[in-house]
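*Asks:* For the protein sequence lines, the chains are A and B, in the order given. Residue 233 in our numbering sits at position 233 of the first sequence, and the numbers go up by one each step. One gets our numbering by counting positions in the second sequence from 1 and adding 1000 to each.
Treat each hint with caution, since some may be false.
To be verified - Here are the computed lysine-lysine pairs in the DSS-like style, where the Cα-Cα straight-line distance is at most 25 Å:
#	chain 1	residue 1	chain 2	residue 2
1	B	K1375	A	K298
2	B	K1212	A	K298
3	A	K129	B	K1357
4	A	K235	A	K290
5	A	K137	A	K201
6	B	K1394	B	K1421
7	B	K1165	A	K238
8	A	K235	B	K1375
9	B	K1020	B	K1474
10	A	K298	B	K1446
11	A	K290	B	K1367
12	B	K1324	A	K129
13	B	K1165	B	K1136
14	A	K298	B	K1374
15	B	K1357	A	K290
16	B	K1020	A	K238
Stated by the list, open to error - Sample of chain A residues at the chain B side, in silico, Cβ under 8 Å:
#	residue
17	L71
18	T114
19	G162
20	N173
21	Q224
22	G276
23	A277
Honestly, the hints are just simulated from the structure, not real lab data. Here the structure is a predicted model, which means the values were calculated and not measured. Every residue, glycine too, gets a C-beta built ideally from N, C-alpha and C.
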Amino acid sequence: MTIVTRRKFLQYCGSLAAILGLGPSAIPAICQAIDQMAKGRAPLLWLQGQSCSGCSISLLNSTEPGPAQILTSSISLIFHPNLSAATGHTCLDLINSTVDKGGYILVIEGSIPTRIPHACMVGEEPIDKMVIRAAQKAKAVIALGTCASFGGIPAAENNVTGAMGVPEFLKLNRIGTPVISLPGCPAHPDWLVGTLVYVLKFGLPNLDKFGRPTMFFAKVLHDQCPRFADYEREKFAKTLDEDGCLFRLGCMGPKTYADCSLRLWNSRTSFCIKAGAPCIGCTMPEFAAKASFPFYRKRELLPLPDRQPAQPAEVRP
Amino acid sequence: MSLSVTIDPITRIEGHLKIKIEVEAGRVVQAFSSGEMFRGFEQILIGRDPLDAQQITQRICGVCPVSHGIASILAQDSAYGVTIPQNGRLLRNLIQGANFIQSHILHFYHLAALDFIDITSILQYQGRDRALLDLKAWVKSAGQGDNLLYPTAPFLPRYAGDYLKDTELNIGAIRHYLEALDMRRLAHEMVALFGGKAPHVASLTPGGVTEKVTIDKITACTWKLKKLQEFIDYSYLPDVAAVARAFPAYFQIGRGYGNLLAYGVFPESDQNGGPCLFPPGVVMAGKPETFIQRKITEDVRYSYFAPASGIHPASGTTEVSYPKAEAYSWLKAPRYQDQVMEVGPMARIMVAYLEGKNSQVVSLTNKLLSDLGKKPDDLYSVLGRHAARAIECKVVADRCSQWLEALRPDQPAYRDYDLPKEASGVGLTEAPRGALGHWLEISDYKIKRYQCVVPTTWNCSPRDEKGNPGALEKALEGTPIKNQENPIEAARIVRSFDPCLACAVH
């Protein structure tokens, strides 16, 4: 973590503005939002349901701000299962007294098991009870990752735990706290950091019908794909080592709303299609849901696409 | 009269773990390790296309997804009868190796170190390092001007305990804790160069890797690796040694049974079944033995699964039985020849050390032991596990630079194959936390059976059919607990295993 000069601070606000797709006029407002975070006015409680911790690891991969900057300047991370120094009953005191006080942002990673509550326990309390308590008193809930947003792999066909995404779970339990869904498997760290800044300064961002911020999830990946020219020229890869569009191998780019192809992963290093792998649609509500719908096509390639786009180019809220 | 102490949740691990210790006359007499979260990957995979498996099983864990992807594609390579090209093998090793580096750095600094170093030492800092001054200012000013209940979370509150007293060492370690955040992110950039993204890598596939070898990626990877090697050599290894010198009692704490298991990892030859950087092997009560796969079985007496103990994973099933009398964990109890085994970096290093063929493993281990005035037998301990993890991190990083050298930009990384209608395969590899196996059966082109036995399943298992405690449960026995409200000694033992419960249960 480095001390921030005024010049660097404005640069950072500028890059964050670019990340959020906001123009230069938004920069002073963002600076104020970050200043507010820096004064510790954004208490954040982080709970994990049926999770793999991938979204937490992804957050630790954040660049500008890096995790040290986030931890000590941007938010007050009251409790996080992977990072907190507290162990055992101290954690329960942290969680319970924070819930009592209210006024925090609740981040939930992982799904909620509704058929077997004992399939996820924290401090000998089932997570569904803890999430209900914590969500009722939160200012806002962020369902981080596809498991928390839509149920994800734990909720796939043949699951026995009754895994459920957080928005559906809260609706079932009549909890009206606003929920923002940040799917992705994992969620990109920029989506979380950007959403937190937006919430603190401007309130709730514009959300699509799945609760996803349109500032990140408005366009299908296909429309911003570096291999779009191959698609147009009908140069399709037939095996995984061939160059060309990956559509016939099962690429979900045409149906998947996410900005991965522009944002790139891991400090702008790469993304799935760039690495030669078809998109598996990990931000979609139906990601991995059906056993009969495979990620990849091999024995039978997908037929040549018809020339109409499968979805409208932009989702209207 | 014994006192029952429950530690739940265990933080700074991966996943949901509850530990219950029975303390009598200030020592642990019995321990119970409970995995508290279940998803059911093995059922979810049934009926799916086999090619889905390497993406789905990666989601078992966000810290070691690569190893699951590797185990899955190894099982599929064997089921499909494909031998991958050299570039594919090297890229897989690099992707997996970079994630080992990420995981080990994360573990020592961000998961384990706060049990030893004293973060409040920063208030004594008198130097001019900007990052440390910034942190000092944050610790001092936190709580002033806002109404937060826990202003210095997540670093405080914490257990009361005998933290490191040496201010200079503390501050150095704190500085490295901050640098380690950048280093593990860098290691994931290294994963993503050939993997597409991290966590949950895109480019792993049966037949090799989908990414192509190009000179710019080799170059970028080499220079990211150099920074990691410097950090390992000048910060990570010395910090582990410093903690070991300050807490020498922890070479005699957390021993366990002394049985170790490794499947081997990082193939060094293009022939299937060839030598690996870390070889397979078994150490039974200190004596090396050949690893024989069919000796692996899983018991379920104390696990929330339908009663069928003693089954090899190739014929195993996962049927939930909840509630269930006697059961206290979502982990099955894997056993080898009915023995309780420990897996992980200490197992891999000990197997390689006793085999003696890897001179770097032997010399690094001997040097560390002699610097600390310890013997190889002292590695069966809390500090032994931390030391072995750091040594392994260096060995992997150094070998990565040689794998990079061997890559050929004009050669393929993938070999195509035909999908069989009926087949079975097994993929054995190592995750950062230990020996990992995936067993796959295909019928009518679909997955008929898929079973995983995962490192933490071995280490944090409950009692088996005969009532033998698992490796961690045993390692906790005999531990002196000074203050049952702050059982930091137990927490240090738990974290030395680097538990991952999402993995263990899956």
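*Asks:* For every hint, state whether the structure bears it out.
*Replies:* Status of the hints after comparison with the structure:
no. : hint                 : in the structure
1   : B:K1375 with A:K298  : 54 Å, violated
2   : B:K1212 with A:K298  : 20 Å, holds
3   : A:K129 with B:K1357  : 54 Å, violated
4   : A:K235 with A:K290   : 29 Å, violated
5   : A:K137 with A:K201   : 20 Å, holds
6   : B:K1394 with B:K1421 : 43 Å, violated
7   : B:K1165 with A:K238  : 62 Å, violated
8   : A:K235 with B:K1375  : 62 Å, violated
9   : B:K1020 with B:K1474 : 12 Å, holds
10  : A:K298 with B:K1446  : 13 Å, holds
11  : A:K290 with B:K1367  : 54 Å, violated
12  : B:K1324 with A:K129  : 22 Å, holds
13  : B:K1165 with B:K1136 : 17 Å, holds
14  : A:K298 with B:K1374  : 55 Å, violated
15  : B:K1357 with A:K290  : 48 Å, violated
16  : B:K1020 with A:K238  : 55 Å, violated
17  : L71                  : 7 Å, holds
18  : T114                 : 13 Å, violated
19  : G162                 : 11 Å, violated
20  : N173                 : 20 Å, violated
21  : Q224                 : 16 Å, violated
22  : G276                 : 3 Å, holds
23  : A277                 : 4 Å, holds
Hint violations for this structure: numbers 1, 3, 4, 6, 7, 8, 11, 14, 15, 16, 18, 19, 20, 21, all remaining hints satisfied.
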